[in-house]
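S.K.: Residue numbers (our numbering), protein chains in the order written: chain A, -8 to 316; chain B, 300 to 703.
These aren't lab readings, by the way, just hints derived from the structure by calculation.
Note that beta-carbon positions come from the ideal geometry of N, C-alpha and C, so glycine has one too.
Some hints could be false.
Said to hold, decoys possible - Where chain B lies over chain A, by a calculated footprint (3+ residues, C-beta under 8 angstroms): (1) 113 to 119; (2) 169 to 176.
Claimed, not checked - Simulated pairs of lysine to any residue, SDA-like, Cα-Cα distance not exceeding 20 angstroms: (3) K612(B) to M177(A); (4) K389(B) to K404(B); (5) K313(B) to K142(A); (6) K322(B) to A296(A); (7) K313(B) to E224(A); (8) K(-5)(A) to I401(B); (9) K176(A) to I401(B); (10) K661(B) to M(-2)(A); (11) K612(B) to E259(A); (12) K313(B) to M177(A); (13) K306(B) to P(-3)(A); (14) K(-5)(A) to K322(B); (15) K306(B) to E138(A); (16) K237(A) to L191(A); (17) K322(B) to E(-7)(A); (18) K(-5)(A) to G690(B); (19) K700(B) to A296(A); (20) K142(A) to E694(B); (21) K(-5)(A) to F304(B); (22) K612(B) to L28(A); (23) K142(A) to K661(B); (24) K176(A) to E611(B); (25) K306(B) to K176(A).
As the list claims (entries may be wrong) - Computed footprint of chain A on chain B, listed as stretches where at least three residues anywhere in the stretch have a Cβ under 8 angstroms from a Cβ of chain A: (26) 429 to 435; (27) 490 to 500.
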Amino acid sequence: METKMPMVLDVISENIIKHGSPLALKGSEVASWAKGLNLPVKGELLFYTGGEYQMLPFIDSLVKTITHLDQGSKVFSMMMGARNLLNKTGFSPEKMYASVLAKDKDRYNSVCFKAAKVLKELEYEFCYSGNDELYSGALLYELGYLEDMEKYVQRVVEVIKKSGAKTIVCLSPHAAEVFKFIYPKMVKDFDFEIRTFVDLVWERREKLAKIQSKSVVIHDSCRLARELSIHQELRDILESVGVEVKEAAMNREWTSCCGGPIKILFPELSHVIGGRRVNELKESGSEHILTSCPYCLSALEGGLAKGDSAVIEDLIEFLYRGVKA
Amino acid sequence: MTVDFRKDFVNYEKSLNAASEDKNIRTAISRAVTSYRNTVAETLERFPHTPQLAEEVQEIKSQSMANLDNLVEQAMASVERNKGKAFYAKDHQAALEIALGIIGKGKTVVKGKSMLGEELHLREYLEDNGNEVWETDLGEFILQLRKERPMHILSPSIHVPREQVAEVFSKFFNKEVPPDIAEEVKVVREFLREKYFTADIGISGANVVAADTGAMVIIENEGNVRLATGAPPVHIVMVGVEKLVPTFQDAMKVAEVTWRYAQYGVPGYVNIVSGPSKTGDIEKVTTYGAHGPKEFYVIFVDNGRKEMAKEEKFSQALHCLRCGGCMYECPVFQVTAGHFGHTYMGGIGTIWTAFVSGGMEKAAPLVYSCLRCGRCVERCPMSINVPGMIGELRERIVYGKYED
Ligand code: SF4
Chain A
-8 METKMPMVLD VISENIIKHG SPLALKGSEV ASWAKGLNLP VKGELLFYTG GEYQMLPFID
52 SLVKTITHLD QGSKVFSMMM GARNLLNKTG FSPEKMYASV LAKDKDRYNS VCFKAAKVLK
112 ELEYEFCYSG NDELYSGALL YELGYLEDME KYVQRVVEVI KKSGAKTIVC LSPHAAEVFK
172 FIYPKMVKDF DFEIRTFVDL VWERREKLAK IQSKSVVIHD SCRLARELSI HQELRDILES
232 VGVEVKEAAM NREWTSCCGG PIKILFPELS HVIGGRRVNE LKESGSEHIL TSCPYCLSAL
292 EGGLAKGDSA VIEDLIEFLY RGVKA
Chain B
300 MTVDFRKDFV NYEKSLNAAS EDKNIRTAIS RAVTSYRNTV AETLERFPHT PQLAEEVQEI
360 KSQSMANLDN LVEQAMASVE RNKGKAFYAK DHQAALEIAL GIIGKGKTVV KGKSMLGEEL
420 HLREYLEDNG NEVWETDLGE FILQLRKERP MHILSPSIHV PREQVAEVFS KFFNKEVPPD
480 IAEEVKVVRE FLREKYFTAD IGISGANVVA ADTGAMVIIE NEGNVRLATG APPVHIVMVG
540 VEKLVPTFQD AMKVAEVTWR YAQYGVPGYV NIVSGPSKTG DIEKVTTYGA HGPKEFYVIF
600 VDNGRKEMAK EEKFSQALHC LRCGGCMYEC PVFQVTAGHF GHTYMGGIGT IWTAFVSGGM
660 EKAAPLVYSC LRCGRCVERC PMSINVPGMI GELRERIVYG KYED
């Protein structure tokens, strides 16, 4: 039997398979944050972004386009046109999403830069695959494209192997999850040590400079808290930098999902769920929300009501405040 | 053959969006969630042995599912030994026909709450075949009058506030019923009381069945099941085969874990029925139908369950106690209620939709609305790995690896 899935799934899965990025971003674009840092391409520890933070502003545009789109309308057939385009020449997000704000692009792009700076500050030495880095394929796994993933990951591993690294540090818990639990099932001798950004910071947290800030509240990411059992570490890190943490009623392994995972198929519902989580977090008494996952960051931002004064940041962005410029 | 899911997704999304804007659902569920979390936390504190008992029950369940054919056979023999009549229904149609064969036409039937009943569309079928059928669970009764389907497995009419209940009751009873909960309960009590004692047949489900004794364990608070299964001259139990466990002792463990997580605290009633009513008080001659039913029937329903039991990746879904806890913790369910579902709801309901009630095509959109956030697993007393199963279903859907 053959099945026809919603178009957005076709677009995303084909993009990953053909272009190594769910939104077909170019390697040079994904790696642009690293200009000037002169990171080596080989080393013991591989810094892995998977392009996830970099693509966030584009996901939102894709979702926005879909939300305002009635299947059967003109715009919809334009999208279909875009899909044909994808089959022939590859998807062109630059043109498609001309509406993406430069400030959003800059913000999400700089998350990787800031993460690298924080790790440097803690005296970690690492390498980065630059333009060659490929997306982990986590969405293929999430969305059920496992047969495709099995083929795709072999290419990712080739790139990783070129670095000569033994350990991979992932910024996104989704990448860490698939490297840890899925890759070993699909790739022979995938024996890399998989760490998260949070792990590494936690180990050297004593070295972090103090940060002046009012209290914060942590939004535990589902993957980080439940799959990877990382939640106390976040609190320890914040304690080390001298910041008070308020707790949401549902936290740690009981954390409420940000709604992000269904954003591409059910954007309005995802938005409602994100908004509810923002409110749940604010009930802690802090309006400064920190998370440690690209999708949580974007989904919570999306769920923030107009005019809401709450601040939502990735832990990376927050810790960068303590880094000397 | 090509199955195009695009339209289904669009329609499903519309229904989810509409539900998420429904104020009644929003208020009702958030009230229910708070009360669920509080009661369960409090009773777990009072009965701290529960999580460990739940682990024991997981083991009982997985043994039972591995041994399902034997258990069915044994349970049927036990029921017969108790002077009841036992049937096995392979599928949906067979289950309905067996029930109708016992009931016939022109009868009055009182019925307890049962998800299996929903799965089979039992009430509608019996009505279409010339019977009068009354739901006796208050929530189900409200839905019967509103011609709606349940929005939660335990609190089916969770989305209907008292004002709307008053409205539908006033119309049905043809008199002014005020939006006062006590009054609303009272009118139904009066109405159904008469039905219990004039009904020809009572139908119930069961929460657990002990194969060794043929004991059907039914947990409830309202007392409607006692009456519906005790007053009429005939009692029919319709139960899914996944409810079977080997022994009576096992059944008690399953029952306790079920009610604890199903927010009963301590349930008002636990009914244990193993056969027809009987007496030997006159000359030690056993005579059936003393005060309770003279006839007792049990229909064990498969309808896809054995198939599921055979699938290594899915058999764990049959351990579900239907406590409803996962639904309260599900961020999607919290804003859409039973709209995230077909007959069975939420993440676990999606798995059941694929195998038991609806098939993969009904399940596909539901499968993709799961966040796979995993909080249901934290809550579930059986630690059912729903997100893992959802992942497996996605793969089958994407590559068309299923038969419908
Ligand atoms: S899946 Fe688990 S939590 Fe959900 S209803 Fe079943 S037993 Fe209860």
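S.K.: Decide, hint by hint, whether the structure agrees.
M.R.: Hint check:
Here the segment 113 to 119 of chain A counts 0 residues with a CB under 8 angstroms from a CB of chain B, which misses the bar of 3, and the coverage is violated. Using a Cβ-Cβ cut-off of 8 angstroms, 0 residues of the segment 169 to 176 of chain A lie near chain B, which falls short of the minimum of three, so the contact claim is violated. A distance of roughly 18 angstroms separates the Cα atoms of K612(B) and M177(A); the hinted pair therefore holds under the 20 angstroms criterion. Of the supplied pair hints, the one linking K389(B) and K404(B) is violated, its CA atoms being roughly 23 angstroms apart against a limit of 20 angstroms.
Taken as a hint, the K313(B) and K142(A) pair is broken in the structure, with Cα atoms around 35 angstroms apart against an allowance of 20 angstroms. At roughly 18 angstroms between alpha-carbon atoms, K322(B) and A296(A) fall within 20 angstroms of each other, so this suggested pair holds. At roughly 40 angstroms between alpha-carbon atoms, K313(B) and E224(A) are farther apart than 20 angstroms, so this suggested pair is violated. At most 20 angstroms may separate the alpha-carbon atoms for a hinted pair to count; K(-5)(A) and I401(B) exceed this at roughly 45 angstroms.
Between the alpha carbons of K176(A) and I401(B) the distance comes to roughly 53 angstroms, so the proposed pair goes past 20 angstroms and is violated. Restraint check for K661(B) and M(-2)(A): the C-alpha separation of about 19 angstroms stays at or below 20 angstroms, so the hint holds. Simply put, K612(B) and E259(A) have alpha-carbon atoms about 32 angstroms apart, too far for the 20 angstroms limit, and the pair is violated. Note on K313(B) and M177(A): the hinted pairing is violated, with a Cα-Cα distance of about 37 angstroms set against a maximum of 20 angstroms.
Distance hint between K306(B) and P(-3)(A) is fulfilled; the C-alpha atoms sit about 8 angstroms from each other, no more than 20 angstroms. A C-alpha spacing of about 34 angstroms is found between K(-5)(A) and K322(B), which places the hinted pair above 20 angstroms, so the restraint is violated. Between K306(B) and E138(A), the direct Cα distance comes to roughly 25 angstroms. Violation of the 20 angstroms bound is thereby established for this hinted pair. Distance restraint check for K237(A) and L191(A): the Cα-Cα separation of roughly 23 angstroms exceeds the 20 angstroms cut-off, and the hinted pair is therefore not satisfied.
Of the supplied pair hints, the one linking K322(B) and E(-7)(A) is violated, its CA atoms being roughly 39 angstroms apart against a limit of 20 angstroms. Straight-line distance between C-alpha atoms of K(-5)(A) and G690(B) comes to about 18 angstroms, which keeps the hinted pair within the 20 angstroms bound. Taking the CA atoms of K700(B) and A296(A), the gap is about 42 angstroms. The hint is violated against a cut of 20 angstroms. A distance of roughly 15 angstroms separates the Cα atoms of K142(A) and E694(B); the hinted pair therefore holds under the 20 angstroms criterion.
Straight-line distance between C-alpha atoms of K(-5)(A) and F304(B) comes to about 6 angstroms, which keeps the hinted pair within the 20 angstroms bound. Between K612(B) and L28(A) the CA atoms are separated by roughly 47 angstroms; this puts the pair beyond 20 angstroms, and the hint is violated. As the CA atoms of K142(A) and K661(B) are separated by approximately 30 angstroms, the hinted pair breaks the 20 angstroms bound. Our distance criterion of 20 angstroms between C-alpha atoms is met by K176(A) and E611(B), whose separation comes to about 18 angstroms.
Distance check on the hinted pair: K306(B) and K176(A) sit about 35 angstroms apart at the alpha-carbon level, beyond 20 angstroms; violated. Against chain A, the segment 429 to 435 of chain B contributes 0 residues with a C-beta closer than 8 angstroms to a partner C-beta. That does not satisfy the three-residue criterion, and the hint is violated. Restraint check on the segment 490 to 500 of chain B versus chain A: 0 residues with Cβ-Cβ distances below 8 angstroms, three needed, restraint violated.
Hint check: violations occur at hints 1, 2, 4, 5, 7, 8, 9, 11, 12, 14, 15, 16, 17, 19, 22, 23, 25, 26, 27; the rest are consistent with the structure.
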